[in-house]
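**Student:** These are the residues of each chain, in order.
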Amino acid sequence: MAVTDRVRPRSAAGQVPPEDTKGVRRLAFSQQVSKWDVKLSPYLYISPFFLLFAVTGLFPLVYTAWVSLHNWNLIGGQGKFTGLENYAFVVAQPYFWNAVGNTFSIFILSSVPQVVIALVIAAVLDANLRARTFWRMGVLVPFVVAPVAVGLIFNNLFADQFGLINEMLKAAGLDPVRWHSDSVASHLAIATMVNFRWTGYNALIFLAAMQAIPRDVFEAATIDGAGRLRQFFSVTVPMLRPTVIFVVITSTIGGLQIFDEPRVFDQSGLGGADRQWQTLTMYIWELGWGQRNFGRASAVAWLLFLIIVLIALLNFLITKRIASQGGRK
Amino acid sequence: MSSIPMIEQTAGKGAAKAAARRGPGARKPRSGHGSDRRPGFLTYGFLGAVLLASLFPLYWSFLVGSHDNTVLSRGIPLLPGGNFLANAAKVFDSIPFWKAMGNSLIVSCVTAASVVVFSTLAGFAFAKLRFRGSKGLLVFVIATMAVPTQLGVVPLFIVMSKLGWTGSLWAVIIPGVVTAFGVFWMTQYLRDALPDELIEAVRMDGASMIQAFWYIGFPAARPAAAMLALFTFVATWTNFFWPFIVLDPSNPTLPVALQLLQAAHFVDYSVVLAGAVLATVPLLLLFIAAGRQLVSGIMQGAVKG
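So the protein sequences, as listed, match chains W and F. Be aware that the first sequence starts at 1, since it is given in full-length UniProt numbering, and climbs by one per residue. Be aware that the second sequence starts at 1, since it is given in full-length UniProt numbering, and climbs by one per residue.
Hints listed in this document are in silico derivations from the structure and should not be mistaken for laboratory results. Bear in mind the structure is a predicted one, so any value in this text is a computation, not a measurement. Treat each hint with caution, since some may be false.
Unchecked claim - So, partial list: chain F residues that the calculated Cβ filter (under 8 Å) puts toward chain W: (1) 47; (2) 54; (3) 78; (4) 79; (5) 80; (6) 90; (7) 94; (8) 124; (9) 139; (10) 142; (11) 149; (12) 238; (13) 240; (14) 281.
The beta-carbon is built from N, C-alpha and C at its ideal position, and this holds for glycine as well.
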């Protein structure tokens, strides 16, 4: 790589070692220093990540379990130990199960179409296009729009009254949809926002994976008389399996924590009058910062954590089976 | 003198691995499979539709943001109106827009810079230095990417308020100063991009580890570091959940401020959407300047990841 040429002249500047001048004893000392330098430096260099993860990632997650076992108020702080009371309370709430349902519903509605459409876009981008970079950049534009902005814009597009989508439905002779009161409709609207922002991004990931498929596989398929469509379903898609799984797994972890888009889907931000689109993370927020009950919020957070771990494990098992059936990374 | 352990350390495994990776990995970008013929008008039509879908919501936002509040009740507008500046002025009146923009800039720049520095350091160590436990630790780093740390918000908030940091930008910056993705990304890149012989050479010349990093590792990592900076910048700029929890409405980042536009009792959508446009413009400019790098960053990440 060209990198080496660029680097070499610079290295001359770095020749002067800091301590190795006077006498043998100093030399021995500097050798000692150098030995420790070699031994300890790697640990020093990787330590920021581990420190930060321990303090802002792992510790809070574990401590969440501790908080969830107490009466704990946003203002008053730690109260008495209550055991599993918070969990019992939360699990008895209809809003909790409602949020579980909403979260999964939005997740399914956003992940499945997203993967399918992204695959199609990737296949089209894989053609021998003119202005290739332009098209690739074009599909990525939504990625730089903040989810909150996406939410505000789509909230308007999906407005029950005078929204563009409903006006178009009316023009087509259909009934307008009550996007902000019907539960499934609101999930569809929110899933559309997620899809808007991520489909192009995932299409580029799939495109990269498609281009990594050896060319001869397609040549062989062509010789065997497979048309383009047949090639897509019988060669491209199976070969992309690991990438699809990767995308699904990463979108699961993020998707089950969805907050931004549903939060701005109306003014109050609680997920609708009957919590039609309140997700689990929104429910955590409502308990913790709306009702100032950190204990209960932590209980929900911990339950959501368990759900995500469970799904991740499931994903992992399925992945292992599928990966052993062929396909390449 | 001190270089003897270094030769052992750098020549062996790393080089072999890099060579192994180059094998199937170093294919030339291929354009289209099947045949090299140019695709027809249907393909471009489809892509045009996708492009339209990508851009339309932004155009719509500008369209509504350039009219007044009653425009939608009078029918669907097709062309922008002349009210954008008036709406923008209302945005500046109702939220601390410029303060939010400044905060977003500070938070995103500081986070991007620190992620790049710390990730490159860690990547350099993982890719090029041999130390006990390096493999296991790298696996651990990758595994943490699957941990939904966002769920630790309650204790994180408790800690921040104990420190008296709630409402301060530090509360937003600190949890993001280095990411697992960044470490993984730089490790992958440096493995291939930085020849071990080069490190040996400077070590022979008596450079310390940190000098070897600074004069050899960091310059070699520059292309990947630029991409990492871009991604981190975009991710931090668009981040909402944690800043929304920990920052005050009086000292927000852009997404937090933007959301306030809609939280009022009476919502003027032409103002809200004008705000959405204003908040998106900086990243659109960045996209025009560096979108090409974003595209290739995503595509490289996909093949390596």
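**Student:** Determine for every hint whether it applies to the structure shown.
**Tutor:** Consistency of the hints with the structure:
no. : hint : result
1   : 47   : holds (5 Å)
2   : 54   : holds (5 Å)
3   : 78   : violated (11 Å)
4   : 79   : violated (15 Å)
5   : 80   : violated (15 Å)
6   : 90   : violated (15 Å)
7   : 94   : violated (14 Å)
8   : 124  : holds (6 Å)
9   : 139  : violated (13 Å)
10  : 142  : violated (11 Å)
11  : 149  : holds (4 Å)
12  : 238  : holds (4 Å)
13  : 240  : holds (5 Å)
14  : 281  : violated (10 Å)
Of the numbered hints stated above, those contradicted by the structure are hints 3, 4, 5, 6, 7, 9, 10, 14, listed in ascending order.
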